[in-house]
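Number of protein chains: 2
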Amino acid sequence: MAIWLDTAADDFETAFTALLSMKREVSKDVGDTVDAIIADIRANGDTALAAYSARFDDVDFSDPATPMKVGTEEIEAAIAAVDPKVIDALRLAEERIRKHHARQLPPDDSYEDEIGVTLGHRWTAVEAVGLYVPGGTASYPSSVLMNAVPAKVAGVERVVMVVPAMKGKINPAVLAAAKIAGITEIYRIGGAQAVAALAYGTETIAPVSKIVGPGNAYVAAAKRAVFGTVGIDMIAGPSEVLVIADGDNNPDWIAADLLAQAEHDTAAQSILITTDKALGEAVEKAVERQLKTLPRGEIAGASWRDYGAIISVLDLDTALSLANRVAPEHLELAVDDPEALIPKVRNAGAIFAGHYTPEAIGDYVGGSNHVLPTARSARFSSGLGVLDFMKRTSILRLGPEQLNRLAPSAIELAECEGLGAHARSVAIRLNRKE
Amino acid sequence: MAIWLDTAADDFETAFTALLSMKREVSKDVGDTVDAIIADIRANGDTALAAYSARFDDVDFSDPATPMKVGTEEIEAAIAAVDPKVIDALRLAEERIRKHHARQLPPDDSYEDEIGVTLGHRWTAVEAVGLYVPGGTASYPSSVLMNAVPAKVAGVERVVMVVPAMKGKINPAVLAAAKIAGITEIYRIGGAQAVAALAYGTETIAPVSKIVGPGNAYVAAAKRAVFGTVGIDMIAGPSEVLVIADGDNNPDWIAADLLAQAEHDTAAQSILITTDKALGEAVEKAVERQLKTLPRGEIAGASWRDYGAIISVLDLDTALSLANRVAPEHLELAVDDPEALIPKVRNAGAIFAGHYTPEAIGDYVGGSNHVLPTARSARFSSGLGVLDFMKRTSILRLGPEQLNRLAPSAIELAECEGLGAHARSVAIRLNRKE
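Top to bottom, those sequences are chains A and B.
Just so we're aligned, residue 1 is where the first sequence starts under our numbering, counting upward by one.
Just so we're aligned, residue 1 is where the second sequence starts under our numbering, counting upward by one.
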């Protein structure tokens, strides 16, 4: 049973606000542990890294079968061990992601304004990026592609992957995805210790400038702690989908989409907003039916029971206005004319338009990125893209005439701010160098 | 006396690495205090806000002369109280910043790929942004423009300014700059309590989605703590300049530029890299001379003594390679042909090109933004711009043919990742709805 809300009900606003402020994630307080691990890695480098890996991952780097750095042979062996159909699918995904992201490469700018000042900017790639890949069941080859390909497209020279390897083992599909994405530097490490090693470097691992990729509470806390020393991407929270559906929909399809989100995590959230209450009821029945035959039915069922919601509205405009308040990671527009609704979407990580675009296509082979802002952060942030691996240097150039023209105002403001040396650095140039 | 380094010296690499890793900022551990303040604001709203403001800023919001929200009359009175020359200079600055930043508005994209999938993205503005303005001597009207104008250009509907007001007083030039930038919602609050109020809202203040602007250790810690609930800009550190100069320079000009940076803060850093050791020596003498007549000579002198550096190199290529390792906030290219060097700059917040572009011009009226990445973060981040106030929503649309084409790969990958509901949400649509 999901939560039912109806905009026609008197208590709707209260109920909807409660839905918005629902806390789905319990953030473990691991700050002290993480700080200690980071300090240890900074002080003791590889030695500390090996000790933590032995303790948390039960892996011995002195064993030639499981060295810290994953060798070429191990990567080749992984490719050979993965079903060729999966390899083909990964290749197709990589190609589609690469082609799509190539369009995000930003243009440089340079122009002269009306008084002859040259202004502009140049974009350059971050030189070295670390990609954290979780171990265990959340070790997704698709996420390797989604994080690595935009970095490669941006022109990042060094993309370093870290992945914790319980008893030394790494999911071969993850290694295959890394190889397909062009990653050659891979370390068998994880947790806060891997984040610290990437940020500060060790004898074996040269430091990077930015760290991306999802992880558990320790990884998230470590990323927050090293932020500033290196750049980080967003802190990922549990996934969510919001489906807007009119009456003309197959309830089984919508149910399948809600469950595709719910199966990620018991803290995932699936919301349906519909103009047709009968469809909502049919979807709810279909969800219960499909749950019975779902391999991850227990997880999906818990998510749906605790956080699933069906909201009945009078019209699509109301649906969109509620969706904008939710600011969902994934927004499905299950209507015949989604293009009419798209301009009204203000806050969403990604839109999946029409009846034939289940969100799962975007997870794998659509070409767009599946790393998207969760927990309402689409109000202020974007999905991962090429810009996350580049930075802009602004450029300003004045000649003597332009300096003469702008100097009085600059000096006025510098003096108003009490910054005499600022004023002098401008004034001193009014006596020409020549 | 600044530090002298010479690339020809045997110990250069050691000395340069030490310069790079010099810690200029002592980060006060204020986390617990800040957490308590945030919790109090969330629980008690305006009441807590008034109490902290009484305690830290000695201001009484119940006094009709100093209400929490700054009234229109107070803003008008501020404009009247500021020197008209300053007002004119602020207007010129605002116009130049606005025109320049308008070029940063990003284009939307929509295209059909070779198999008929529609992909694209739309950019939308963040709906509400909070701008933190420090009180006291660091209360700079120019920074109000640099933070607010890009937000306005992006299309942010609600820009809220907060500024701590010791005994109720706000720098009139700051209010004038706010008015010129089009800010109408201003609160007389500061510190961690103001950040918490912006992030979570109170009875008087509606919450925002993103908070920008510099502040002290408490403000920085509060921004770090609310990150995720709202977006934040970078955590600003002490300012720095790196000047690359060939022999053909007036030492007094270079000295003035080094001191303009040094006067900001005893933790600021000014570095000169020159191909002409004699110029370096002349600049050092000029710095000592100019320090004597500088209003903020004590601050600038301490910064220069503790962190100033002059590096002698054999050629400009070496200078650039060192500059890229420093990744300075401000990079001045004091050479005759700066355009030849610009393509070689990899890591810098902003470039000031040629002999007539002192960095201070960029602080005020150049048009480019003066909020730039400090503490080597130009390796992975950019100066403030319009993109910081916008977010990208990706769009994907498949029809039945495209779904049929991509479904097998998506299903293959979903099954490889153990996500059966993902696979089903794709497979179920292969039986057409009609």
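These aren't lab readings, by the way, just hints derived from the structure by calculation.
Incorrect hints may have been included.
Note: identical chains are not told apart, hence a pair may lie in one copy or across any two.
Computed cross-link-like contacts, SDA-like style, restricted to lysine to any residue with a CA-CA straight-line distance of at most 25 angstroms [what the hints assert, rightly or not]:
1. K179 / D11
2. K69 / T47
3. K85 / T14
4. K85 / G399
5. K85 / E114
6. K285 / T33
7. K23 / D83
8. K99 / W123
9. K23 / A225
10. K285 / I87
11. K179 / E415
12. K292 / M166
13. K285 / N431
14. K23 / T33
15. K167 / D336
16. K23 / P238
17. K169 / G120
18. K169 / E415
Hint by hint, here is what the structure shows:
With identical chains, the CA atoms of K179 and D11 are never at most 25 angstroms apart, being 54 angstroms at best within one copy and 40 angstroms at best between copies. Taking the shortest Cα distances, K69 and T47 sit within 25 angstroms of each other inside one copy (14 angstroms), while across copies they are farther apart (56 angstroms). In this homomeric assembly, K85 and T14 never come within 25 angstroms of each other (Cα to Cα): the closest approach is 50 angstroms inside a single copy and 52 angstroms across copies. Only between protomers do K85 and G399 lie at most 25 angstroms apart by alpha-carbon distance; the minimum there is 24 angstroms, versus 62 angstroms within a single protomer.
Taking the closest pair of Cα atoms, K85 and E114 come within 25 angstroms of each other only across two copies (22 angstroms); inside a single copy the shortest separation is 59 angstroms, beyond that limit. In this assembly of identical chains, K285 and T33 lie within 25 angstroms of each other by CA distance neither inside one copy nor across copies; the values are 45 angstroms within and 50 angstroms between. Taking the shortest alpha-carbon separations for K23 and D83, neither the intra-copy value of 40 angstroms nor the inter-copy value of 51 angstroms comes in at or below 25 angstroms. When the C-alpha separation of K99 and W123 is checked against a cutoff of 25 angstroms, the pair qualifies both within a copy, at 19 angstroms, and between copies, at 20 angstroms.
In this assembly of identical chains, the alpha carbons of K23 and A225 lie at most 25 angstroms apart whether taken from the same copy (23 angstroms) or from different copies (17 angstroms). Taking the shortest Cα distances, K285 and I87 never come within 25 angstroms of each other, neither inside one copy (37 angstroms) nor across copies (66 angstroms). In this assembly of identical chains, K179 and E415 lie within 25 angstroms of each other by CA distance solely across copies; the values are 20 angstroms between and 58 angstroms within a copy. Taking CA atoms no more than 25 angstroms apart as the test, K292 paired with M166 passes in neither setting, with 32 angstroms inside one copy and 64 angstroms between copies.
Taking CA atoms no more than 25 angstroms apart as the test, K285 paired with N431 passes between copies only; the shortest distance there is 20 angstroms, against 82 angstroms inside one copy. Proximity of K23 to T33 under the C-alpha cut-off of 25 angstroms is found in both arrangements, the shortest distances being 24 angstroms within a copy and 24 angstroms between copies. In this homomeric assembly, K167 and D336 never come within 25 angstroms of each other (Cα to Cα): the closest approach is 51 angstroms inside a single copy and 60 angstroms across copies. Within a single copy, K23 and P238 get their C-alpha atoms as close as 11 angstroms, which meets the 25 angstroms cut-off; across copies the closest is 37 angstroms, which misses it.
Proximity of K169 to G120 under the C-alpha cut-off of 25 angstroms is found in neither arrangement, the shortest distances being 49 angstroms within a copy and 38 angstroms between copies. In this homomeric assembly, K169 and E415 come within 25 angstroms of each other (Cα to Cα) only across copies, at 20 angstroms, whereas the closest approach inside a single copy is 64 angstroms.
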